[in-house]
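Going line by line, the protein sequences match chains A and B. At position 26 of the first sequence the residue is numbered 26 (the working numbering), and the sequence of numbers has no breaks. In short: position in the second sequence from 1, add 1000, done, that's the working numbering.
Keep in mind the hints are simulated off the structure, nothing from the lab. Incorrect hints may have been included.
[Unchecked claim] Quick list of the computed label-pair ranges, beta carbon to beta carbon:
hint: 1; chain 1: A; residue 1: Met52; chain 2: B; residue 2: Leu1073; range: 22 to 30 Å
hint: 2; chain 1: B; residue 1: Arg1066; chain 2: A; residue 2: Met52; range: 37 to 45 Å
hint: 3; chain 1: A; residue 1: Pro73; chain 2: B; residue 2: Gly1541; range: 56 to 64 Å
[To be verified] Okay, the calculated bits of chain B under chain A, using three or more residues with CB under 8 Å as the criterion:
hint: 4; region: 1045 to 1054
hint: 5; region: 1057 to 1069
Built from N, CA and C at the ideal position, the CB exists for glycine as well.
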Amino acid sequence: MIETTDPPGEESRDGTYLSSLAGRGTPLTVLTPMPRRWVPLLRAFLFIRHLMGAPADLKRMSFIHFAHWSVLPRLPGQQRRSRYAYLLFRSDFNGAWGKYIDAFSLEIPARMALIWGWSFGFPGALPPEPFRRYIAANDLEVDHYYSAYPGSGVTEIAAALRVREAYERHLGGADPAEFGAAWQRFLDEAQGDLYSWEAHS
Amino acid sequence: MTRVKTGTRSVTVFARIADGRAADVRDRLRAYREQSPFAGVAGVHFARLVVLEHAVRQTRPAGMSRKARLLDLLAHGGRPPRPDDLPHPYLMLTATVDGEPADFFRRLQSLGPAADAIWGDCTGYPGHHRQESFVAFFADRGVRADYTFSGSPEGTVAQISEALRLRSKVAAFAATAPDDADGTLRSRFRIAVDLAEEQAPEPGPAAELELPDIQGLVLRGFGDHNVAAHLFLQVTSGAPARRWLRTVAPEVTSAAEVGDRPARALHLGISHAGLTRLEVPAAQLAAFPVEFREGMHGREEVLSPGRGTKPWQEPFDAPGGVDIVLLLSATGDAELEPWLDRLRTDAAECGGLRVVGEQRGARMPAPEGEGRLFIEHFGFADGISQPRVAGHGRGGPGEVLPPGEFVLGLPDVDGDIAGRHLPPGLSRNGSYLVYRKLEQDVPAFREMTAAAAGRFEGGADDVAAGLVGRRRDGEPLAPCPAGAHVRRANPRGSLPGGRKLSRRHLMLRRGIPYGPYLPPGADDDGVERGLLFLAVVGDPGRQFEFVQTEWLADGNAFGRGREEDVFATAGGPGARILLEGSPPAYVPVPRPLVTCRGGEYFLLPGLAALRGLGNPD
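Based on the sequences and whatever the hints tell you, model everything.
Below is the structure:
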């Protein structure tokens, strides 16, 4: 049992701090204690993953903007060593992460176990429900959150960058007299990315 | 810290919070709920701040699967966790940013006082003023990411934001304007998409504006108001004029109302002479800047070199000729006329005012603009690139500026408070209005461009475009000719000092043409026409007079010697404009194209200040 005087209560995770940013960016911040003896092993595993580059299966799950893991044997400026090392995970998701964390459990349970398996309280990656509760219980309350594009998910960003590229290629230097034809070519190519669901129009 | 393939970096900083301060830090962070200070820091994809007081309590999970039990046995020998906690509270910043963490920390300095509010209770925090120690504070407390996964496609914040805006505009255009049957697809496209993309706005810290106290003209140009009438008044007796002010003040349109797109609007400006005659105490009058105190009449010798106020008309033909201006605008004459009649009568009968003039204005829609673009008398689309007040008028093109550039009492572009020395009761939430009546000689303009047309493939239109720097529909020339009007009115990054300096001299232009349009090919009808140039600024000297004298009335800054901008100053007869090309062309100016017929600097007081002026004592 960890000694705490004022543990964060469940009521603090009602998500109200996101009210003004209700959009597609959701933070997840998880800090879990782990025995120090596993620090080198976990670091080595993360380093190998780093060398391997972004895994295709995670890329396919197009709801993660960014995810970062850090192993912290000691926090900056800490005088007295704490008993355990800590694993810090922070991520920016589209929408509610709770719906997606199941996908991690189901798609990459072994990797989840290799990352969080050293932390106390880890219930195993499968079945998904206990793992989801474990992450939820450890998700730190964010006091301030900022997203530069709160209304846009990962796939919309990818679509926008494709449109930008096609726009420059077809229309950037188009001869004014040829604009109509160039516009058609642009439309043919980019139409899949030109959805225009405007609630206000 | 780990380099990620996309060029983004993970930054995490743990700053120790001084004992007993954690709750205060949290309260201050929560106060940023509506408006994130990180919106003003470039290159931040995501950022979060967490006050970490304790580690989350852990227990050994019950009912683990066989595999999980095995792992627990391996990792912890099957033992439950023992007590542990953080040694002291931390403020954790974690962000995903473009470029190196050290560069991000330097950019973080632009948070200014907000940085002090966030980290001020952290031990060792040096304040935001000295860059070296500020950056070191964060660098010393950073932890690296051992592994980063990026699901987002490669791109900086600026690239992603710009692409998202472009996609949304292009898609909306594709949905509503599918074919080119009438051959206007391109110009429609340019208006819907390109014009807005010319300059991606930089996110600036959004301002908390007291909209109900600010005159509406500051935040909106009322593009749907097709007609305008300006009533010029002189104060003949202070007390009754103040009583009248009290009755008219409630009719003045506030910025809180403009979102509802009212069919008519009233704004009220008072000159320095007017404030004097309304018996504002001398000590308050003396606090105003010299441009406003002297009035435009006294400044014109410099604003229009070589010409001064000689061509000025009534009621501007003497210093202090206009004390108060009522600016009425409406969607049409039916809305405007009865209201104007009443306001004119009220003013004339109040016993303290004399109506000394009246000026009409009307918009001229561009043929290809679908009612969204307006032209001025020379035939060019007008009002295209306007600066914006940070946090207001989302999504438009143009430089985003802090509110003090246009509203007194708020932070300006230099980090100062606009109108710091002014009497607060009178100036709070006010703005300056630069009013200039500029007559345009359309036949002279057409003669001039036609005379030089032979040298250009596109004839007179090419000459005109070269002089203005845009085509008639607003499309900018690339590259923009060095001495072109649009470049001289706003050089953006083209002068030494770049945008950092040029953005100190931008105005909100609220002008409207007057007089009838002279169709192309029509003979000189001898009718007066032109532009009522209206600009809203927070500093008439730095914003209006600087541009008028340094950039428009003199060519030195642009390497053009004494060459004047013929669209804003005297210019001619006998003057020649150099149009660079191969070979270069000289365009002779037969006679002045634009002549100032009068003008004044007015204060557009905040509505509370206006009511205060109306008080009897």
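We went through each hint and held it up to the structure:
| no. | hint | in the structure |
| --- | --- | --- |
| 1 | A/Met52 <-> B/Leu1073: 22 to 30 Å | holds (29 Å) |
| 2 | B/Arg1066 <-> A/Met52: 37 to 45 Å | violated (29 Å) |
| 3 | A/Pro73 <-> B/Gly1541: 56 to 64 Å | holds (59 Å) |
| 4 | 1045 to 1054 | holds (count 10) |
| 5 | 1057 to 1069 | holds (count 10) |
Checked against the numbered hints above, the structure breaks only hint 2 and satisfies the rest.
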